[in-house]
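Each chain, letter by letter, is given below.
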Amino acid sequence: MSKKFKVILAIVIVALIASRWYWEAQQLEQPIIVESRVDLDKRRIDVSYIVNSQDQTTLQMVEIGNESFYPNNSFATFMWDDTSAYSNVQEYTYYAIRHEEILLDERQHAYLLENKHLLDKGIVIFNHYSPITITPTILNETLLRTDYFKDSLKVDGHTNFRFLLNTTTELTIENIEVIHPTATYQVFYMDEVAKYPFIMEEGATLEIHFEQSYAFSTYGFLDVIVRGTRNGQKFEERFSPNFHGIAPEKAIRAYVKEALQ
Amino acid sequence: MKISEVFRNTFIGHLFIFLDINIIGVDILPDALGWFIIGGAFVEAEKVTNPQMAKRLAIMIGVLSLPFTLLSVQQMIQTSIYVELLHTTMLVVSVVFYYFFFSVCLDIAKLYKQESNVRQMKYIFLPMQIINLLSLAILIHLPLVYRVVGVAFTLVGLIVFIMFIVFLWQMKNRTSGPIFDEEI
Numbered sequence: 000m001s002k003k004f005k006v007i008l009a010i011v012i013v014a015l016i017a018s019r020w021y022w023e024a025q026q027l028e029q030p031i032i033v034e035s036r037v038d039l040d041k042r043r044i045d046v047s048y049i050v051n052s053q054d055q056t057t058l059q060m061v062e063i064g065n066e067s068f069y070p071n072n073s074f075a076t077f078m079w080d081d082t083s084a085y086s087n088v089q090e091y092t093y094y095a096i097r098h099e100e101i102l103l104d105e106r107q108h109a110y111l112l113e114n115k116h117l118l119d120k121g122i123v124i125f126n127h128y129s130p131i132t133i134t135p136t137i138l139n140e141t142l143l144r145t146d147y148f149k150d151s152l153k154v155d156g157h158t159n160f161r162f163l164l165n166t167t168t169e170l171t172i173e174n175i176e177v178i179h180p181t182a183t184y185q186v187f188y189m190d191e192v193a194k195y196p197f198i199m200e201e202g203a204t205l206e207i208h209f210e211q212s213y214a215f216s217t218y219g220f221l222d223v224i225v226r227g228t229r230n231g232q233k234f235e236e237r238f239s240p241n242f243h244g245i246a247p248e249k250a251i252r253a254y255v256k257e258a259l260q
Numbered sequence: 000m001k002i003s004e005v006f007r008n009t010f011i012g013h014l015f016i017f018l019d020i021n022i023i024g025v026d027i028l029p030d031a032l033g034w035f036i037i038g039g040a041f042v043e044a045e046k047v048t049n050p051q052m053a054k055r056l057a058i059m060i061g062v063l064s065l066p067f068t069l070l071s072v073q074q075m076i077q078t079s080i081y082v083e084l085l086h087t088t089m090l091v092v093s094v095v096f097y098y099f100f101f102s103v104c105l106d107i108a109k110l111y112k113q114e115s116n117v118r119q120m121k122y123i124f125l126p127m128q129i130i131n132l133l134s135l136a137i138l139i140h141l142p143l144v145y146r147v148v149g150v151a152f153t154l155v156g157l158i159v160f161i162m163f164i165v166f167l168w169q170m171k172n173r174t175s176g177p178i179f180d181e182e183i
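Line by line, the protein sequences are chains A and B.
Mapping to numbering that gives the first Met the number 0: the first sequence position 72 is 71, numbers consecutive.
Mapping to numbering that gives the first Met the number 0: the second sequence position 57 is 56, numbers consecutive.
Treat the hints with care, since some could be wrong.
Claimed, not checked - Straight-line C-alpha distance at most 30 Å; calculated DSSO-like pairs for lysine-lysine:
hint	chain 1	residue 1	chain 2	residue 2
1	A	Lys5	B	Lys112
2	B	Lys171	B	Lys1
3	B	Lys112	A	Lys2
4	A	Lys3	B	Lys112
5	A	Lys3	B	Lys46
Calculated directly from the structure, the hints in this document are not laboratory data.
Turn these sequences into a full structure, and let the hints steer you where they fit.
Put into structure tokens, the structure is as follows:
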């Protein structure tokens, strides 16, 4: 073998080993629960979790107290080459994020209403991993104790964004701008802009949906500017929505890193 | 002397490797058999050159590819990291094989004054194999890039393979006559 060929071959082999090692280093030993919420008003339980990319793991059930709750759409959780087909899956380079929703029937709803004390602990059972204990957020009880502009960004599928803005004080919101930082200067206004100025009462949650392109949801992150009046004073708050449900690749990796520490 | 049989059998062996005709989930042209045919093809070449390394490597790849006879590579890779390791090893060994294969080809081609054809093919096919192997290391981390580059790779790979197959067939025809030196 010529020396040149040997060198090339050595470089390729080292690259293959390094690549594989790096890939392995990114892999999760078990899913990370990003968010679990029990919404008694809307009669549903939502669970979002991160698994390794192309991992076919699905959530089998959630146990709260003596009751088992089964996802409504667990069959539609994996399709490696066309994840946009399902709104509850998002595949990234190393990780995938799944959302499972469990709609409560009359009996289950009544059970949880009667046993609210059980809601602070649940168990998520996956098909390939050990059960994971969760502390669900009880949505209709958390509003009053959230901080001002406790922000949350959700991406449902590739095109739907949802913001939750909670407040503990009364505000008048004049407008909300959503800025895509990788664009030179791009401001996205929600459909609801016509409603502004909007009076947001103490303890209220403003939930805003809007749609953007695939590229928008995949690349970059979002900044949000909220302008309005609080106690007669004008304010302008800028924030980057925290990772509460789903976010682009970079944010997911940062989240995973933090969760594993 | 039937030197042309080296190329004829190598041609047939490559058809087994590259064609996947599945009937009830079983490849009726198994890769392993293709590699064994290629390994056997070098028997005739022993008369004019030393093809031992290429022969051993072809048989080695044939043995390594035996597990893939019943299941597709994609199915197997998803089952275990060891299978993936086996597949990658097979690809690395095949790159080394093609290096020695072209050495054998060159030795034969010298007898028929066909070196330029072999060199030309070598400088197209071998780098393609190396790039293909290197892409395994890079593109796994760049899925979005892979979506674009992967299609280009597949197309270029197909073209290069067709060129390679045509090359083998042409070499079979060009080496079917008497050796150039003997003719003189």
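request  = Sort out whether B:Lys112 lies within 30 Å of A:Lys5, counting only the CA atoms.
outcome  = Status holds; Cα separation ~28 Å.
query = Given the hint that B:Lys171 pairs with B:Lys1, does the C-alpha gap stay at or below 30 Å?
reply = holds, 10 Å
ask   = Does the alpha-carbon distance linking A:Lys3 and B:Lys112 stay inside the 30 Å limit?
value = holds, 26 Å
task = Verify the proposed pairing of A:Lys3 with B:Lys46, using a straight-line Cα cut of 30 Å.
result = holds, 29 Å
inquiry  = Need the status of pair B:Lys112, A:Lys2: alpha-carbon distance at most 30 Å?
reply    = At roughly 26 Å apart (the allowed maximum being 30 Å), A:Lys2 and B:Lys112 satisfy the hint.
When held up to the earlier numbered hints, the structure conflicts with none and fits them all.
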